[in-house]
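If you read the sequences in order, they're chains A and B. For what it's worth, my numbering labels the leading residue of the first sequence as 1, then goes sequentially. For what it's worth, my numbering labels the leading residue of the second sequence as 1001, then goes sequentially.
Worth flagging that the hints you see were computed from the coordinates, not collected in a lab. Incorrect hints may appear among the rest.
To be verified - Example chain A residues on the side facing chain B (calculated, C-beta under 7 Å, incomplete):
#1 85
#2 130
#3 131
#4 135
#5 173
#6 181
#7 182
#8 183
#9 195
Quick reminder that beta carbons are idealized off the backbone N, C-alpha and C, glycines included.
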Amino acid sequence: MSDRTENLLLILPGLLLLALAFFLPIFQMLALSVAGPDGPTLAHFARFLGDPYYLGILWRTVRLSLIITAICAIIGFPLAYIMARVGPRLRLWLIVIVILPLMTSVVVRTFGWMVLLSRSGLVPELLRDLGLVRRNFSLMQTETAIIIGMVQVLLPFMALSILGVITRIDPRLEEAARTMGCSFLQTLRTVILPLALPGIVAGSLLAFTLSASSFVTPSLLGGSRIEVLAASIYSSVTQTLDWPFAAAQAVILFVGVILVLIPYMKVTGRSHG
Amino acid sequence: MPAVKLDAIRKSFGKVAVLHGITLDVEPGEFVSLLGASGCGKTTLLRIVAGLESTTSGSVHIDGHDVTGLPPEDRDIAMMFQSYALLPHLSVSENVRFPLRMRRIGSREEQDERVKKVLETVQLGHLAERRPRQLSGGQQQRVALARAIVSNPKVLLLDEPLSNLDARLREDMQVELIEIHKRLGLTTIFVTHDQEEALSLSDRIVLLNNGRIEQEGAPDAIYDRPATEFASNFLGSANILPALIEGLGGTPVAVLADGQRLPLATDEPARGDVRLALRQEDIHLAIAGDGPDAEVRTRVYLGARSRYVVSLAGQTVRVLAPNDTVFEPGQRVTLTIAPERIRVLAR
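Starting from the given sequences, assemble the full structure and let the hints guide the process.
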């Protein structure tokens, strides 16, 4: 048996799995999204794009994902820098703390936030006691709650992506910058930030795509009034049983994520070239 | 007023003391080498001058100002790193401009002018727009040098800048460093473990050993008159032999362990138990002559010369000799050395 056929045999199981579990469903989804009673139709897309309600859902999904990604980056960059520069013991503990949310079930984690954020919860009560908010204030069923909950879940992706890049930055570069007149913060801005950019971009993509397609956390923390695209797909499938319309929404989400990924691939492809 | 004044610098990392009270003045325009083996504290001392490392006690003055507690960016210094530490996301000219930009020296046009001039100085004008990783090691080195001198700092700190270069480039760079130092007259502190580099570049060598200054002085002084066994060993890797000095009839003679004798200079004041430091290149071998007997053990061919390992009075002695006469292992030879070339070290 030649090397070629041997290699082919070895990747066959993986290819089969991809074909069955990934390409086939996506193809079916694409087919379903244009399925109509009298042959192929774009009516489902037209319905989505022509209805201000659904456009509002799309816009909210994009807007929240962008805000969540930005907050993750703003917290994740200094966090990753600190993780990269402390001793190995402390770094291990920080990593454990950061990825802890990923190890708990999404439901448990979200209920934790519900306890903290609801009207009689810790956070609103504290804010009320401080006189910062009115008596009826609650954080549950708000976009803020979604953002808080999602940032907690997605921060590890961001922090670890950036950490991987920063640990490979030679600490001598920082020292050199200091001897050339940079203060600590200027060093972060002029040396570490530009060099950590690939990690920030990779982490942002992860955070954006994951938050754009997330379902459980937004549904539980935002409630049914504040719907995001994934939740809307879910209700089309389970409540109105309009599968072609659900498929059309899924395609729109899919295409949106791809549109974000392509420029990134171009950017990273160039920097490797 | 000294350009750099170090006063009783001590430094410990945890329980490990690295520097035990270093006091040193560097005069304006002087080129001082901190020479020593790895782990002697020379790099730590340089980093203390730079402000990259704090002192446990003692003070640092630069140009008359106490900078002991100041961070590096508030000291008028420039440093060149062993690994060059060029910023990979900036072009060559942006790297060289970086200290001017961060220290706000001159207008944009003046900065352009200075960057251009200093890149010409190190013969890299044609590579100004390249990225550091597109350059060879020697070119990166010269960019690092350009970046260090462009801001015309009060003190230039060089941390083993030549150790990553191959032999040929290192020689070129040494010449370049000497010429640039002569032209700009920058006060320079140079850290190296290479005695030849220290000897050829410096106005003054400070020999460090285990966090203390072992000896300091002009290169020829410290080379010709090493004060201690460590100094004579480190500079020129001399042979150290125990001996007893007898003053027979006014002329001192060193008696080796097996009773053989070596004449010393007539003004040698020491008597009794001592150690002799014999430089490898000062010892001459001959088939027969007036001097102690020795046996050749090994010959290492070095091109222009050979290094012989000989047994003398039960000790191993290394000798550098020209290749006009060749001695074979096992051969009996006599060993002569000019009396004034023998250093006598107190026991």
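We went through each hint and held it up to the structure:
A least Cβ separation of about 14 Å between residue 85 of chain A and chain B goes past the 7 Å threshold, and the interface hint is therefore violated. For residue 130 of chain A, the interface hint is violated, since its Cβ never comes within 7 Å of a Cβ in chain B; the closest pair sits about 38 Å apart. Contact between residue 131 of chain A and chain B, as hinted, is not supported at the beta carbon level, the nearest pair being about 42 Å apart and thus beyond 7 Å. This hint is violated: residue 135 of chain A has a C-beta 50 Å from the nearest C-beta of chain B, more than the 7 Å allowed.
A cut of 7 Å between beta carbons decides the hint on residue 173 of chain A: the least distance to chain B is about 5 Å, and the hint holds. For residue 181 of chain A, the interface hint holds, since its Cβ comes within 7 Å of a Cβ in chain B; the closest pair sits about 4 Å apart. Against a cut-off of 7 Å between C-beta atoms, the interface hint on residue 182 of chain A holds, since the closest Cβ of chain B lies about 5 Å away. The interface hint given for residue 183 of chain A is met, as the beta carbon of that residue sits about 6 Å from the closest beta carbon of chain B, less than 7 Å.
With its C-beta approaching chain B no nearer than about 6 Å, residue 195 of chain A sits inside the 7 Å limit, and its interface hint holds.
In the structure shown, a violation is registered for the earlier hints numbered 1, 2, 3, 4, in ascending order.
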